[in-house]
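Could you put together the complete structure from these sequences and hints?
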Amino acid sequence: MLEIQSLECVRDDRLLFSDLSFTLAESEVLQIEGANGCGKTSLLRILCGLRLPESGNIMWQGESIQSNREDYYANMVYIGHLPCIKADLTVLENVRALLDTRSLSLNNAVIEVELAKVGLESYEDVPGKALSSGQRRRILLAFVALSKASLWVLDEPLTALDVQGVELMESMIVAHKRAGGSVIFTTHHGMQLDCEMRSVQLGDYAHAELRE
Amino acid sequence: MLKAFYHLLIRDLRLAMRNRHELVNPLIFFVLVVSLFPLAVTPTAEALQAMAPGVIWVSALLAVLLSLDRLFKQDYEDGSLDQLMLSPNPLMMLVFAKVAAHWLLTGLPLVIIAPLLGLFMSLPGEAIAVLVYSLLLGTPVLSLIGAIGVSLTVAVNRGGVLLSLIVLPLYIPILIFGANAVDVAMDGLSVKGQLMFLAAVLALAVSLAPLATAVALRITASR
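Going down the list, the sequences are from chains A and B. Note that the first sequence ends on residue 212 in the working numbering; no numbers are left out. Note that the second sequence ends on residue 223 in the working numbering; no numbers are left out.
Be careful, since some hints might not be right.
[Said to hold, decoys possible] Under 10 angstroms between C-beta atoms, here's a sample of chain B residues computed to sit facing chain A: (1) K3; (2) D82; (3) S222.
It is worth saying that the hints were derived from the structure and are not from the lab. C-beta: ideal position from N, C-alpha, C; glycine also.
In structure tokens:
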């Protein structure tokens, strides 16, 4: 459903990778691997359409994501390094605010069930500023689970999570795959997924030389 | 789509209500600057009247300029801006919601307090009415144009000076026509022309500025 065609990414005059192509089918899990600074975050931001590649195309259901933005964004959810959590909103309001950007109006009961699953039971009315960074990441896990997106793009989803949090993320990914969804993620922590998984070594597409 | 507009507007208003000191900053600035002027010059009614339109309009403009940073800064820093850009709803609509919230929180309070400041500066009644109309038409334009500038500079550290450089030239026509309308009203002449001009600029800004802001935000995010 997602097709990446000969992507090239340049950052600050440095060629990070080029001629990167892969496809992602339904119910597939793909890990992007590579050393620090090799362009994993840039790649994921390009896949979301937040960043433009130097050259190459990203096709969603056979159409370029730029021309098909509405459909693509309705079916894709991205979480990056930043927490997206407002210090002055409560946990429930934060989840709602995130879901509202996707025009999903779910009732509080549904959200509370999901918050309980990610270990934030009885935290609904706690303001964002009173949470630890791991708890903030857990809000994002609830958001991803509630997003109804078939493609998850997760940039370092395990950051700040404890052992139970990591297990939770792993089981969420496996369940999402079973339900026919697909996941692209990066991580430097070992992720033990109880399912089939592919990986792309970004280093294989790297070029050390500076661009002219 | 309208729902997304409404929800984002409410979210921004709610955030502002929980962080009130930021909310009153532009208002205090506006009141302080205008009320200091009579102390610094000969406070005769004629002298004050002659200065009033310019002083009030310049202070309102600077109060809005100082508050612009708030428009996208926080969303940029905590990553919410990325989520807005990944919304299936048109980004233009969401930008418009944010600008509308910004105006309700900064522009509108300025319009409401302006008659009081008009009295400080001993403006006659009809001039005060025109002052309110001109601010009512002009301050939304300041927020709309400001949004374009902020979206271009939000990723720049200490982009304040750059922001003023981008935005001020575009503010000047609003300032000239707004202050002139009040001036002309004091002479008892018709201000229809000036107010019509401000209304036309407002219509133009409402239709084009959110589009320009959305494009500028995408450029900022792609860096």
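Evaluated hints:
| no. | hint | result |
| --- | --- | --- |
| 1 | K3 | holds (6 angstroms) |
| 2 | D82 | holds (6 angstroms) |
| 3 | S222 | holds (5 angstroms) |
Checked against the numbered hints above, the structure breaks none of them.
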